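**Student:** Chain by chain, the residues:
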Amino acid sequence: MVPLPAPTDLDRSLAALRASVADALPPTATDQAIAAAVARAARRNPQAAGRRTASDRWLAWPLALAASIAVLSFVVRSLPPEAVVAEPAVPSASATAEFMPVVPIADIERAGDAMVVPARLPRMTLAQLGLPVNPALAADAIDTELLVRRDGSVLAVRFIY
Amino acid sequence: MPTELSDRLQATDAALAARVACGDVAALTPLYQRHRAQVYRFALMWSGSASVAADVTQDVFVHLLTRAGDYAPECGALQPWLLGITRNFVHRRTGADARYVANDDDGEPPGPALDLPAPEAALDAQRDLARLRAAIAALPPHYRDVLVLVELAERSYAEAAAICGCELNTVRSRLSRARGLLARWLDAAPSRANAAKG
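As you go down the protein sequences, you meet chains W and Y in turn. Note that the first sequence ends on residue 161 in my numbering; no numbers are left out. Note that the second sequence ends on residue 359 in my numbering; no numbers are left out.
Excised from the complex, chain W in its bound form (with noise of 0.2 Å):
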C-alpha cells in the first residue's frame, strides 16, 4: 500500500478555509428573492404552477359526475315518445354488461320508484362516462337500458351488446 503524501502547508491552509465556510449559507435575503422569484413564476403562469390541489381533484370528480347525469337526462327527456318504452326494474335477459351508476349508490338505494327504460343512445354517450369509443363510431346509436326515476333523471346505464 503507497503512502499518501504528508500534508503540506498549503494543504493544511486550504483545510483551514474549506473548514472556515463548511457552514456557510446564502443570507435570508436570498432566501426570501428565490422565494418571490417562485411566486413572480406562478402568477404569470398558474395553470402550470403546480400540481393540481386535492381540493381541485375531489371538485372534478363530482363536475365530471353531474356532466354526465345531466347529458344523459337530457337525451332520455328529448327522445321520441316511442323510444322510450316504461317498464318495471326487471332486468332485459339480453343485456350483457353491468349497470353503471351515475349518482351515488346511496340515492339509487333511496330510489324505491325507478324503472328500467330501454333506450338508442349516442355512441358519444359513452364518452360521457369515460368509456372508450371509437371516433368512426361515434355517430352510431347503442342499446342501452337505463334505470331512471319517476322524475326522468338516470340513475344508472348499461350497455346492450
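These are computed hints drawn from the structure, not numbers from a lab. Nothing here was measured: the structure is a model prediction, and the numbers come from that model. Incorrect hints may appear among the rest.
Quick list of simulated restraints, FRET-style, between CB atoms [as the list claims (entries may be wrong)]:
(1) W:8 with Y:238: 26 to 32 Å
(2) W:27 with Y:176: 15 to 21 Å
(3) W:20 with Y:238: 25 to 31 Å
(4) Y:173 with W:118: 50 to 56 Å
(5) Y:195 with W:151: 56 to 62 Å
(6) Y:319 with W:40: 35 to 41 Å
(7) W:140 with Y:237: 50 to 56 Å
(8) Y:176 with W:25: 23 to 29 Å
(9) Y:234 with W:35: 24 to 30 Å
Where a beta carbon is used, it is the ideal one built from N, C-alpha and C, also for glycine.
Put chain Y on the given structure of chain W with help from the hints.
**Tutor:** Same frame as chain W, but now just chain Y:
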C-alpha cells in the same frame, strides 16, 4: 407534512428539474434547499466576497427557474451542472470573463499583495486565512476554477473537467500550477512582509 410537500422533498433532482421545466415552479423550492449551500460556498470561495456569492446564488436559481429544461439528467447529476452555471455567473459578476483569456502557457501572473500589515490584535490563523484568500483571488480564473472545485468544493477531477468544459489532464495541470503559485506566493509573503517592516 402534506403529501404533496413530502413528495417534492423525496423526489429526485432530475424529477424536480423536470417539473420546473414543465411549469411546476414550486418544485424549485426543494432544489434550492438541497443545493443552495454548495452553490453559495463555491461562489464564496471563488470570489472571496459574501455579497457576490449571494448575488450569484440568486442568479443561479433564477436561471434554473427559467432554464431547467436545459438540464439533461443523462449527462450527469444536477449539482455539477449547477456549479457550472455558478462558475459562469461568478466569472461574469467579477468581470473575470472580460479580463482573462484562459491560456495555460502564460507566464506567472502578478502575485497578490500579501504583505499588508495585519492588525496586531488579529489572530495568526485569521491572518493566514486572509492571506490565502487574497492569494486565491490573485490566481487567473482558469486556475482558480480547478483549485476551488477540487481542493475546496471537493469535487472529483472528472466533475471539475465537466464543469469547466476541459480535459481531465488539463484539470490536473491547472491544479498543479495553481498549487505551485499559491505555495510560492505564501512562502514569499513573510519575507516580503518582514522586508516591508524593516
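**Student:** Confirm or reject each hint.
**Tutor:** Hint check:
In this structure the supplied range 26 to 32 Å holds for residue 8 (chain W) paired with residue 238 (chain Y), their Cβ-Cβ distance being about 31 Å. Distance hint for residue 27 (chain W) and residue 176 (chain Y): a CB-CB separation of about 29 Å, inconsistent with the stated range 15 to 21 Å. Taking 25 to 31 Å as the suggested C-beta distance range, the pair residue 20 (chain W) and residue 238 (chain Y) conforms, at roughly 26 Å. Look at residue 173 (chain Y) against residue 118 (chain W): about 54 Å separates their beta carbons, and that is inside 50 to 56 Å.
At about 58 Å, the CB distance of residue 195 (chain Y) to residue 151 (chain W) agrees with the hint of 56 to 62 Å. For residue 319 (chain Y) paired with residue 40 (chain W), a C-beta distance near 37 Å keeps the hint of 35 to 41 Å intact. Judged by the Cβ atoms, the range 50 to 56 Å given for residue 140 (chain W) and residue 237 (chain Y) holds: they are separated by roughly 55 Å. Between residue 176 (chain Y) and residue 25 (chain W) the beta carbons are some 25 Å apart, a value that agrees with the proposed interval 23 to 29 Å.
For residue 234 (chain Y) and residue 35 (chain W), the Cβ-Cβ distance of about 26 Å falls inside the hinted range of 24 to 30 Å, so the restraint holds.
The structure fails hint 2 only (numbered hints given earlier).
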